[in-house]
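Going line by line, the protein sequences match chains A and B.
Take the position in the first sequence, starting the count at 1, then add 1; the result is the number in this note's numbering.
Take the position in the second sequence, starting the count at 1, then add 15; the result is the number in this note's numbering.
Since the hints were made in silico from the structure, they are not lab data.
Using N, Cα and C, we set each Cβ at its ideal position, and we do this for glycine too.
Each hint should be verified, as a subset may be incorrect.
[To be verified] A short, non-exhaustive set of chain B residues, derived as facing chain A with CB atoms under 10 Å:
{"id": "1", "residue": "67"}
{"id": "2", "residue": "95"}
{"id": "3", "residue": "97"}
{"id": "4", "residue": "119"}
{"id": "5", "residue": "145"}
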Amino acid sequence: MRRLAGLRRALPAALVALALLAGWEAWVRIEAVPTYVLPAPSVIARTLWQDRAVLAAAWLVTMRITLMALLAAAALGTLIAVGLAQSRLLARAFYPYLVALQVTPIVAIAPLIIIWVDSLWAALLICAWIVAFFPIVANTTLGLASADAGLKDLFRLYGASRWQTLMHLQAPTALPYFLAGLRISTGLALIGAVVAEFVAGTGGSASGLAYRILEAGYRLQIPRLFAALLLLSLTGIALHGLMTALSRRLLRRWHSSVVASEH
Amino acid sequence: MPAALTFEGVEKVFADGTDALAGLDFRLDHGTFTAVVGPSGGGKSTLLRLAAGLLAPTAGQVIRTLATPGPGAIGYVFQDPTLMPWADVRTNVRLPLKLTRVPRREADARVADALALVGLDAFADRYPLQLSGGMRMRVAIARALVTEPSLLLLDEPFAALDEITRFRLNDELLRLWQLRRCTVLFVTHSVGEAVYLAERILVLSPRPGRIVADIAVALPQPRSAALRTSRPFEDLSAAVSRALVEAIQA
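Work out the full structure, taking the sequences as your base and the hints as a guide.
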């Protein structure tokens, strides 16, 4: 029943996609648009299959950087947030610099990082991390400070230690905030990885999807460019879906964003 | 035997200049049930927070002489149930025992007892969002009782509930008090609730709060619904209401 309802919810978007693809295919064929300007969807699909070896290798590289950056963003972001939540002085001292790091465009910093860091792979990872970590820090910091006043009193009444308050009150309160941040960071980690690859622009072992897009553009292999782009989009959508599912799973029993009221 | 709780010339002025309480003097004997009635925003919650030690008085002192001092000696029930929404009923009730480091096995037994006491044994695995308002409040009461406190503080716990649920919880609270015989300080703005529950009623004036009347409630225990419409009940309610009105007009 629920699966059926899910299908019905996805139907409108699927119909729009189908109509768009059909229109695109028809227009390209009728107008005989050259493939180096706009390839038909069928050509893109064929290229995706034909170039699967190259694209899969590139996809793995980009995925590895994205996921590592996301993991590092989640871990370090949470750690930074917990640190900032410990003292107002610490927060006042460091928060502005975190904001500065966030608002400075990554394309401007990436060349420096690539020069400073020997390993290209590590440089890409750092770039993606810089783009991805801030939503987690900002959200988790807010979450840690949002504990219910009554519960805080209760913890004090029973002489809870700082650690107990952090683990049993602040951390669970912050979880929905953290997950919302994680969802934003997931998209940003992918964007960060792609931007860093563009800036680095190197082939070899670290040639991810972004590099393949760049390369295909130079060589006028437009169908391959589109295929790589499609892969990137699908990856982004899949990651977002994964994070949404994770969030729903973790909050399903208690958060009003997920629980339908039974009373 | 010293009183369970003594307020000696207790004043409370908040940092923002709000003068909440001015010179409170009273003592609660062990095992008694006292209600504090006062207008809204009259420093009733401040009084309870001082009693719990969550606030320090600006002047005067609060003395607690409890049978088992230390954390867990005081139970506190807030206006809202104040449950952890991410934890099931059992975990919510276990919280005080966890924070005071009671061993797991003993904690489990005491949680089961407390849940049975408020009639929620069948709901131990539910989450707060799945419960009605009255049931949530019962969880809060079970949590306050799970450490077997010698002083139980309640801050208008039933104010947000419908009348029928409130009457039922009034009776349950009285039954629990008969069973446990802890010292109870119950804050409410409802005169009827105070008369029905308490052995003694302190009437608090508007801010800055002081005690303007100390009324003994000589009604028999255990109390039952019939009492609510009886003559002595109405006379006492009238007396308390009069004291309250005088305090507001003064």
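Here's how the hints hold up against the structure:
no. : hint : result
1   : 67   : holds, 6 Å
2   : 95   : holds, 6 Å
3   : 97   : holds, 4 Å
4   : 119  : violated, 15 Å
5   : 145  : holds, 6 Å
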